[in-house]
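There are 4 protein chains.
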Amino acid sequence: MTVKILAFDGSGRKESMNRKLLNHVIAHAKEHGASVTQINLHDYNIPIYNGDLESGEGIPAPVTELKKLFMEHDALLIATPEYNGSFSPLLKNVLDWVSRPVPGTPGLSEFKGKVAGLLSAAPGKLGGLRGIYQLNTVLFGVGVTVLPNIVSVGFYGEAFDDQGNLKNDNDKNAVATLGKLIVKATTALKQ
Amino acid sequence: MTVKILAFDGSGRKESMNRKLLNHVIAHAKEHGASVTQINLHDYNIPIYNGDLESGEGIPAPVTELKKLFMEHDALLIATPEYNGSFSPLLKNVLDWVSRPVPGTPGLSEFKGKVAGLLSAAPGKLGGLRGIYQLNTVLFGVGVTVLPNIVSVGFYGEAFDDQGNLKNDNDKNAVATLGKLIVKATTALKQ
Amino acid sequence: MTVKILAFDGSGRKESMNRKLLNHVIAHAKEHGASVTQINLHDYNIPIYNGDLESGEGIPAPVTELKKLFMEHDALLIATPEYNGSFSPLLKNVLDWVSRPVPGTPGLSEFKGKVAGLLSAAPGKLGGLRGIYQLNTVLFGVGVTVLPNIVSVGFYGEAFDDQGNLKNDNDKNAVATLGKLIVKATTALKQ
Amino acid sequence: MTVKILAFDGSGRKESMNRKLLNHVIAHAKEHGASVTQINLHDYNIPIYNGDLESGEGIPAPVTELKKLFMEHDALLIATPEYNGSFSPLLKNVLDWVSRPVPGTPGLSEFKGKVAGLLSAAPGKLGGLRGIYQLNTVLFGVGVTVLPNIVSVGFYGEAFDDQGNLKNDNDKNAVATLGKLIVKATTALKQ
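If you're matching them up, the sequences are chains A, B, C and D in order. For the first sequence, this note's numbering gives the first residue as 1, with consecutive numbering after it. For the second sequence, this note's numbering gives the first residue as 1, with consecutive numbering after it. For the third sequence, this note's numbering gives the first residue as 1, with consecutive numbering after it. For the fourth sequence, this note's numbering gives the first residue as 1, with consecutive numbering after it.
If you're looking for bench data, these hints aren't it; they were derived computationally from the structure. One should not assume that every hint holds.
[As the list claims (entries may be wrong)] Computed beta-carbon distance windows for the label pairs:
| id | chain 1 | residue 1 | chain 2 | residue 2 | range |
| --- | --- | --- | --- | --- | --- |
| 1 | A | Gln163 | B | Pro47 | 30 to 38 Å |
| 2 | B | Gly113 | C | Pro47 | 40 to 48 Å |
| 3 | B | Gly113 | A | Gly164 | 38 to 46 Å |
[What the hints assert, rightly or not] Derived DSBU-like pairs (lysine-lysine); straight-line CA-CA distance at most 30 Å:
| id | chain 1 | residue 1 | chain 2 | residue 2 |
| --- | --- | --- | --- | --- |
| 4 | B | Lys4 | D | Lys112 |
| 5 | B | Lys184 | D | Lys180 |
| 6 | D | Lys125 | D | Lys14 |
[Stated by the list, open to error] Stretch by stretch, here's where chain D covers chain C in the computed footprint (C-beta under 8 Å, at least three residues):
| id | stretch |
| --- | --- |
| 7 | 49-63 |
| 8 | 82-92 |
These numbers were taken from a predicted model, which means no experiment stands behind them. For each residue, glycine too, the CB sits at the ideal point set by N, CA and C.
For reference, chain A alone in the conformation it holds in the complex (with noise of 0.2 Å):
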């Protein structure tokens, strides 16, 4: 049986620090037999959640194109930003949307029983660590399972060498540890 990953960023830049940080736990994750799935949620060109627009048009065609990926997936991957203490808008509106409510599919289908993996790279020394402490608060709400075993990275200017490596040993104990373990917590969790 194998573990279907959805991994994302919180950021939509083409050359995300995040991204490239979420690249390092994706690689780990599928040493260990994981099928990941990674998408960039900017591409999805969702509008800001609006009730109006909800009411009057439904749920857009992107939105019902995350729904549906969220519910082939046994958990997720997150890297965020940080912005002002929180995790991004980008994020926050992806979620909220996927989290509106459909006929015929009880509430927070797309997020319950799932398990999910935290990941932050900031330019300064707290890594980012505020947006995973909102961010595993809202996870936690909606009914995921969120590892502790996060992954902060901070200072991200002087994290990576040139072949885009990290190279601070802790930083890739950090990243081995959260692939390794998505994948045996979901594996355990989905029997």
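Since chain A is already given, all that's left is putting chains B, C and D on it; use the hints.
For chains B, C and D alone, kept in the frame of chain A given last:
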């Protein structure tokens, strides 16, 4: 010296219950002498924050307009719906864009030293409290003094009468108290 | 392989409503094959944490006993009253003492890799939710995987019938679900 | 009209780094005309909160004394160590006992309307920030206006020189700003 308050809600809906609630606080603030500018964040039509967009095209014109509005006011009245235990993506997106640095202005000038009052109307018993708590944490982090006198109205479908007035005395008192206090606190802190 | 759960409440009261609620989850966990050790934190009579006490006299004997208990169990069931929007000082004190490092044992061994289920009974409508949220954040920080399937019972004075059973079906289901899931999740993650 | 500030730290250690940091803010607050009462919470020797103790023997005498002290002051300066991502049990215990209702006094009178300034010194890079954030949330919930101008000193072993002065200009400025602002804000809000 007149206190200038910028008031908005995080919903974007035309018939937003949060705006309805906000209007009551605004009325009280005006009674106590405040000048209130009320805006609809949705009308600014701001794209979701993306670092590439910012570095490629600069800060969008409506964001610059909002930054100016923030600078011209002494206090914020913010009503927010709660989605998934946090405040709305519309609101997070505006706060994050407005916080973006511009040359020649000290960082977070749009927020530092301001006073904020927070409100939430929600369909369930919790009254949007978790959204208010996450918003308080974010505003605390950017240098805003948040008044602890929140207005949190649960079961909003039953909270207003046909004339749009709050039925419940506790809610009425909370609204009156916040409207009065934000003027008093801002006046005091401006001196 | 039997799952070993350490269960306790943060109240310390003899007739604690939180313990009453906890007992129901324990019964379900046992039905699903768990071995449950239930303790009363108050009985351990642990002094409030103070760094001077620790450096002067070492870790108190009852703390060492608790540390051993934590090490011997795979999962935690914690029920906590909410005081001032957070969990109880009795509980925080135990968690902080138990987390104190001892030579020869990797840091936070008492917590890392454990699964936790959280409960709260409270007299008001919020059902102790804010206490559960702060507790979730703390446990996340020390390496515990917290199940999102919380049990939060508000208006606890009316929640139980004369036989001590929960009246409300939602509450009954939440209790049964948590009892079942903590066994399932812990079994899975131990493998 | 003199501003009266109650100042304490959550450590209880005789040589508390948090108290050392607090002393600097107190000095600045006094320079700006405040009257400061500094207490050591540990000396009050308060038992861990337990509802049975309260209902059986009433509120302990030292708690009553603290409640009186809180009532007599306009503002709080609180320095707290961080344990496990939250503030100390010594501090939580005092806040919870002090918040206990007594007949004839409106609930939370000890907190409502007060201004607070928060500090933290910590051995690691995060500077106790997570403890400050959880404390902010708790104080927000009991009606305290918390100043966003926190003082968070990381790597405290290297932060002070031999005379006990802060080495770093950012830290010095943060301490001076908080000392000045708590007097200004409290003066303003008392009017």
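So, going through the hints one by one against the coordinates:
1. Range check, Gln163 (chain A) to Pro47 (chain B): about 34 Å between beta-carbon atoms, so the 30 to 38 Å window is met.
2. Here the CB-CB span from Gly113 (chain B) to Pro47 (chain C) is close to 43 Å, well matched to the stated 40 to 48 Å.
3. For Gly113 (chain B) and Gly164 (chain A), the Cβ-Cβ distance of about 42 Å falls inside the hinted range of 38 to 46 Å, so the restraint holds.
4. At most 30 Å may separate the alpha-carbon atoms for a hinted pair to count; Lys4 (chain B) and Lys112 (chain D) meet this at roughly 25 Å.
5. Distance restraint check for Lys184 (chain B) and Lys180 (chain D): the Cα-Cα separation of roughly 20 Å lies within the 30 Å cut-off, and the hinted pair is therefore satisfied.
6. For the suggested pair Lys125 (chain D) and Lys14 (chain D), the alpha carbons sit about 23 Å apart, so the restraint of at most 30 Å is met.
7. Residue count for the stretch 49-63 of chain C with a Cβ under 8 Å from a Cβ of chain D: 4. That meets the three needed, and the coverage hint holds.
8. Counting residues of the stretch 82-92 of chain C whose C-beta lies closer than 8 Å to any C-beta of chain D gives 8; at least three are required, and the coverage claim holds.
The structure fails none of the hints (numbered hints given earlier).
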